[in-house]
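As they're listed, the protein sequences go chains A and B. Residue numbers for the first sequence, in my numbering: 1326 to 1438. Residue numbers for the second sequence, in my numbering: -10 to 99.
Check the hints yourself; a few may be wrong.
Stated by the list, open to error - Just the calculated beta-carbon pair ranges, DEER-fashion:
1) Asn18/B <-> Ser1398/A: 48 to 54 Å
2) Ile43/B <-> Ser1398/A: 42 to 48 Å
3) Glu58/B <-> Gly1365/A: 37 to 43 Å
4) Asn18/B <-> Leu1407/A: 29 to 35 Å
5) Thr39/B <-> Gly1341/A: 19 to 25 Å
6) Gln1342/A <-> Gly48/B: 18 to 24 Å
7) Asn1402/A <-> Ile43/B: 38 to 44 Å
8) Lys91/B <-> Ser1398/A: 48 to 54 Å
9) Asn1384/A <-> Ser(-1)/B: 37 to 43 Å
10) Leu1407/A <-> Asp6/B: 26 to 32 Å
11) His3/B <-> Gly1365/A: 23 to 29 Å
12) Asp6/B <-> Val1363/A: 26 to 32 Å
13) Arg20/B <-> Arg1347/A: 27 to 33 Å
14) Thr1339/A <-> Ile43/B: 49 to 55 Å
Said to hold, decoys possible - With a Cα cut of at most 20 Å, we get these calculated EDC-like pairs of lysine to aspartate or glutamate:
15) Lys56/B <-> Glu1426/A
16) Lys30/B <-> Glu1426/A
17) Lys46/B <-> Glu1426/A
18) Lys26/B <-> Glu1426/A
19) Lys45/B <-> Glu1400/A
Note that these hints are calculated values from the structure, not bench results. For glycine and all other residues, C-beta sits at the position ideal for the given N, C-alpha and C.
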Amino acid sequence: DAGVTQSPTHLIKTRGQHVTLRCSPISGHKSVSWYQQVLGQGPQFIFQYYEKEERGRGNFPDRFSARQFPNYSSELNVNALLLGDSALYLCASSLQVRGTEAFFGQGTRLTVV
Amino acid sequence: EDKVVQSPLSLVVHEGDTVTLNCSYEVTNFRSLLWYKQEKKAPTFLFMLTSSGIEKKSGRLSSILDKKELFSILNITATQTGDSAVYLCAVLSSGYALNFGKGTSLLVTP
């Protein structure tokens, strides 16, 4: 069985550009969450989607948005990129909205120059 | 504000040693505590703990939760160089997000 897959694995963008990151959850999982991890810190929660609806949002600016598709895959969009958006972006999938284990993908390493 | 604190932040041990990693938390409406191992990129799920005093075990790794004292420990016995990684503790409370600590960076030397 495939685990959580994310694409791309690495990305370099210029300040002011926008970026779209993609995530496919484990088959059968309906919940997808996005986290941002900067060097030396634990992952910080950005969004959770369950059954195509936003169920939670972390303390991130409106430049960050996401959506979930009917096949439960998800996209994270970041507009007007700042140098401080450089980080590892992790996607986690779980069976239900909460109370079950969350499994992470390999992440997308975003570098903003 | 929910808080998850891990200690120590970093640790260097020799192969064969036993290590204990700590995670304390202050959250409202605690639901569960999860441990992950992170090498390079993807955090790999280790354990999920919801009940106090019940040890979870997988090979040389074990973990226990104390809901009265609000902490958990992760033990690794007979450490190997492959155990070198960052170990993350996360707590799920009333919201939908996992609240992570900063992690403990473990280096096992030959």
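Outcome of range test on Cβ distance (arginine 20/B, arginine 1347/A; 27 to 33 Å) | 29 Å, holds
Does 37 to 43 Å hold as the CB distance between glutamate 58/B and glycine 1365/A, or does it fail?
-> 27 Å, violated
Can the restraint linking lysine 30/B and glutamate 1426/A be considered satisfied, given a maximum Cα separation of 20 Å?
-> Distance of about 18 Å is within 20 Å: holds.
Distance restraint evaluation - threonine 1339/A, isoleucine 43/B, Cβ atoms, bounds 49 to 55 Å = 51 Å, holds
Distance restraint between lysine 45/B and glutamate 1400/A, which requires alpha-carbon spacing of 20 Å or less = Given that 20 Å is the threshold and the Cα spacing comes to 35 Å, the pair is violated.
Do the beta carbons of threonine 39/B and glycine 1341/A sit within 19 to 25 Å of each other?
-> 45 Å, violated
Asparagine 1402/A versus isoleucine 43/B beta-carbon gap, inside 38 to 44 Å or not = Taking Cβ atoms as reference, asparagine 1402/A and isoleucine 43/B lie about 41 Å apart, which means the hint holds.
Cβ separation of lysine 91/B and serine 1398/A, checked against the hinted range 48 to 54 Å = Once the Cβ atoms are compared, 30 Å apart, the range 48 to 54 Å for serine 1398/A and lysine 91/B is violated.
Has the given pair, lysine 56/B with glutamate 1426/A, been kept, meaning a C-alpha gap of at most 20 Å?
-> 19 Å, holds
Distance restraint hint 26 to 32 Å, applied to the beta-carbon atoms of leucine 1407/A and aspartate 6/B | At roughly 43 Å between Cβ atoms, aspartate 6/B and leucine 1407/A fall outside 26 to 32 Å, so the hint is violated.
If you draw a straight line from the CA of lysine 46/B to the CA of glutamate 1426/A, is it 20 Å or shorter?
-> Distance of about 16 Å is within 20 Å: holds.
Mind checking the hinted window 23 to 29 Å against the Cβ distance between histidine 3/B and glycine 1365/A?
-> The hinted range 23 to 29 Å holds for histidine 3/B and glycine 1365/A, with Cβ atoms some 25 Å apart.
Hints 1, 2, 3, 5, 6, 8, 9, 10 and 19 from the earlier list are contradicted by this structure; the remaining hints agree with it.
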